[in-house]
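S.K.: Take a look at the letters that make up each chain.
2 protein chains.
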Amino acid sequence: MALIVVGSVAFDAIETPFGKTGKILGGAGTFISLSSSYFNISPKLISVVGGDFPDEHINLLKEHNVNTEGLQVKSDKKTFFWSGKYHDDMNSRDTLITELNVLGEFNPVVPESFQGASVVMLGNLSPDVQRKVIEQLRNRPALIVMDTMNFWMDIALDELLRTIKMVDVITLNDEEARQLSGEKSLVLAAKKILELGPKYVIIKKGEHGALLFDKNNIFFAPALPLEFVFDPTGAGDTFAGGFSGYLAKTQDFSFNNMKKAVVYGSAMASFCVEKFGTENLVGLNDKIINERFKKFVELINF
Amino acid sequence: MALIVVGSVAFDAIETPFGKTGKILGGAGTFISLSSSYFNISPKLISVVGGDFPDEHINLLKEHNVNTEGLQVKSDKKTFFWSGKYHDDMNSRDTLITELNVLGEFNPVVPESFQGASVVMLGNLSPDVQRKVIEQLRNRPALIVMDTMNFWMDIALDELLRTIKMVDVITLNDEEARQLSGEKSLVLAAKKILELGPKYVIIKKGEHGALLFDKNNIFFAPALPLEFVFDPTGAGDTFAGGFSGYLAKTQDFSFNNMKKAVVYGSAMASFCVEKFGTENLVGLNDKIINERFKKFVELINF
Chain A
1 MALIVVGSVA
11 FDAIETPFGK
21 TGKILGGAGT
31 FISLSSSYFN
41 ISPKLISVVG
51 GDFPDEHINL
61 LKEHNVNTEG
71 LQVKSDKKTF
81 FWSGKYHDDM
91 NSRDTLITEL
101 NVLGEFNPVV
111 PESFQGASVV
121 MLGNLSPDVQ
131 RKVIEQLRNR
141 PALIVMDTMN
151 FWMDIALDEL
161 LRTIKMVDVI
171 TLNDEEARQL
181 SGEKSLVLAA
191 KKILELGPKY
201 VIIKKGEHGA
211 LLFDKNNIFF
221 APALPLEFVF
231 DPTGAGDTFA
241 GGFSGYLAKT
251 QDFSFNNMKK
261 AVVYGSAMAS
271 FCVEKFGTEN
281 LVGLNDKIIN
291 ERFKKFVELI
301 NF
Chain B
1 MALIVVGSVA
11 FDAIETPFGK
21 TGKILGGAGT
31 FISLSSSYFN
41 ISPKLISVVG
51 GDFPDEHINL
61 LKEHNVNTEG
71 LQVKSDKKTF
81 FWSGKYHDDM
91 NSRDTLITEL
101 NVLGEFNPVV
111 PESFQGASVV
121 MLGNLSPDVQ
131 RKVIEQLRNR
141 PALIVMDTMN
151 FWMDIALDEL
161 LRTIKMVDVI
171 TLNDEEARQL
181 SGEKSLVLAA
191 KKILELGPKY
201 VIIKKGEHGA
211 LLFDKNNIFF
221 APALPLEFVF
231 DPTGAGDTFA
241 GGFSGYLAKT
251 QDFSFNNMKK
261 AVVYGSAMAS
271 FCVEKFGTEN
281 LVGLNDKIIN
291 ERFKKFVELI
301 NF
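Those protein sequence lines, which keep their order, are chains A and B.
Position one of the first sequence corresponds to residue 1 (our numbering), numbered consecutively onward.
Position one of the second sequence corresponds to residue 1 (our numbering), numbered consecutively onward.
These aren't lab readings, by the way, just hints derived from the structure by calculation.
Note that the structure is a prediction, hence the values are computed from the model and not measured.
Hints are not guaranteed to be accurate.
[Unchecked claim] Here are some, though not all, of the chain B residues that point toward chain A, as calculated from beta-carbon distances under 10 Å:
1) Glu63
2) Phe81
3) Arg93
4) Ile97
5) Phe151
6) Gly182
7) Leu186
8) Val187
9) Asp214
10) Lys249
11) Asp252
12) Phe253
13) Asn256
14) Glu298
15) Ile300
No residue lacks a Cβ here, since even glycine has one placed at the ideal position from N, Cα and C.
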């Protein structure tokens, strides 16, 4: 039931209408790892940081049973840094700073002990890096999931399509699904994206929930209506962590079980947005998570 | 199990990316009546048209067992006319023409035979007109539902608040809920609106579904993901028709039954948007509607 997680481990500096942080722990790989760690699968992280990355952050990951053997530390370089400011509606944001640093020349290496993992979660990264991980796996994992974003559609579409062809599940947001497919309707968009290779497409609509498609079925999971959204940073990655963590734990890749995985992903994301950064992904447990899961059942049960 | 429907009966001229109509049958009262008629409750319509309103439209309503005794015909005046053009995304539109005509001085009269109705559905109209209907009812109906829009918040807020205080359920869209409450979060918005009087608040999010709130519960119903949305005109009114029609038929006003009513409303709305105007609300039947209802069950069942 091993899960490999690939994604950035980074510094974020975030400004929302509710406050402002300094350089805090961020990155897709971080959110995915922490979120998936609650499914008792000791996520195996593949990523890179610089010499400026504090031990306390690595220790936090280790305390959550994240296997950091695949986390490269380039002591003479700096860690990836992103800074952004959310608008009043919290649905849009401006990127203030992007310093790629170590991520610019990231050459992922799959440790020998990671071979044989049954699920791989490729967080949003260059499709080239995502592919390089897949190509190092001696046995094809039972399930490969990839996240991506519009940035790669703009600058590396051919590479992206090549990687998409290799995966089982792709997750993207509604605007990205429209851009990739050229279709306005999300139903038609999903159909076109399925033709690119994946067996499943997940379209994330933020506060409006998520849609799961295969060739014959559609499933919709709402987002939990919250009184207070503090910081949406990492919500999509946290979703991916809950989704892939639950699947790695259960090893059932049927459409029916994918539905549950989408709801677990949504439940984990609902924790993430309640505080800054990864703050609310620390100190969760089965009981808290299952109570949150139940709220989703109650929300839609009629 | 009688239902009174109050709302405009009108001409619409609609332009979408998919086509353009001449003056076709429209109006909140029309959509609500047709939609609710499928719940076998012979909706009792209160509205007004001008001398230019063709018999064929009135006959269409009658064929759907709509009781038109409360439909005033002002032969020397013209029918309310609205014209609008939808943008490419179908989520926003420009109003091209609004000719109030007979609606500008509409003085609603509740026919004697309408007295005793257990459910009243007040479509979007001046809150003053909505209140005048309530005040003419000798026995307080078991359930009064009102729809409204931002326009009345802008120009007649005091009147609107007075009417809101008199009803059991208010339906509005997400932006209107935010405007009325001054809250960004829909959960907080609903809480504030509940303090204005109604026991239930329904927040419609268009293609993103609908939320039902009472003091202690939240329910979410998705919209059906469609390959093709042809014309959103009247979708909210059709929702209100399905919602109130189902409640008038079942006479069970518990939160649990309201949930089902919201799903029936969403199911009816999903028919509406598939063709121009009221075109797709003609010729439905129980079988077709229940099949659509089942699609909602399948969509969220996990």
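S.K.: Holds or violated: is the Cβ of glutamate 63 of chain B closer than 10 Å to a Cβ in chain A?
M.R.: violated, 32 Å
S.K.: Hold the hint about aspartate 252 of chain B up to the distance rule: shortest CB distance to chain A must be less than 10 Å.
M.R.: With a minimum Cβ separation of about 13 Å from chain A (threshold 10 Å), the hint on aspartate 252 of chain B is violated.
S.K.: Does isoleucine 300 of chain B meet its interface restraint, that is, does its C-beta lie within less than 10 Å of any C-beta in chain A?
M.R.: holds, 5 Å
S.K.: Under 10 Å is the threshold here; is the Cβ of lysine 249 of chain B close enough to any Cβ of chain A for the hint to stand?
M.R.: Violated - the Cβ of lysine 249 of chain B stays beyond 10 Å from chain A, reaching only about 16 Å at its closest.
S.K.: Should the interface hint for arginine 93 of chain B be scored as holding, given a Cβ-Cβ cut-off of 10 Å against chain A?
M.R.: With a minimum Cβ separation of about 15 Å from chain A (threshold 10 Å), the hint on arginine 93 of chain B is violated.
S.K.: Is the interface hint for leucine 186 of chain B satisfied, with its Cβ closer than 10 Å to some Cβ of chain A?
M.R.: holds, 6 Å
S.K.: Less than 10 Å between beta-carbons is the criterion; does asparagine 256 of chain B satisfy it with respect to chain A?
M.R.: Status holds, d = 8 Å.
S.K.: Measuring from the C-beta of aspartate 214 of chain B to each C-beta in chain A, is the shortest one below 10 Å?
M.R.: violated, 13 Å
S.K.: At a threshold of 10 Å, is the proposed contact between phenylalanine 81 of chain B and chain A supported by beta-carbon distances?
M.R.: violated, 29 Å
S.K.: Would you check whether phenylalanine 151 of chain B satisfies its interface hint, that is, whether its CB is within less than 10 Å of any CB in chain A?
M.R.: Hint on phenylalanine 151 of chain B: violated, closest Cβ of chain A at ~22 Å, above 10 Å.
S.K.: Would the hint on phenylalanine 253 of chain B be counted as holding, given a Cβ-Cβ threshold of 10 Å to chain A?
M.R.: Constraint on phenylalanine 253 of chain B not satisfied, violated at 15 Å.
S.K.: Was the hint right that valine 187 of chain B lines chain A, CB cutoff 10 Å?
M.R.: At 5 Å from the nearest chain A Cβ, valine 187 of chain B passes the 10 Å test, so the hint holds.
In this structure, the hints that do not hold are numbers 1, 2, 3, 4, 5, 6, 9, 10, 11, 12, in rising order.
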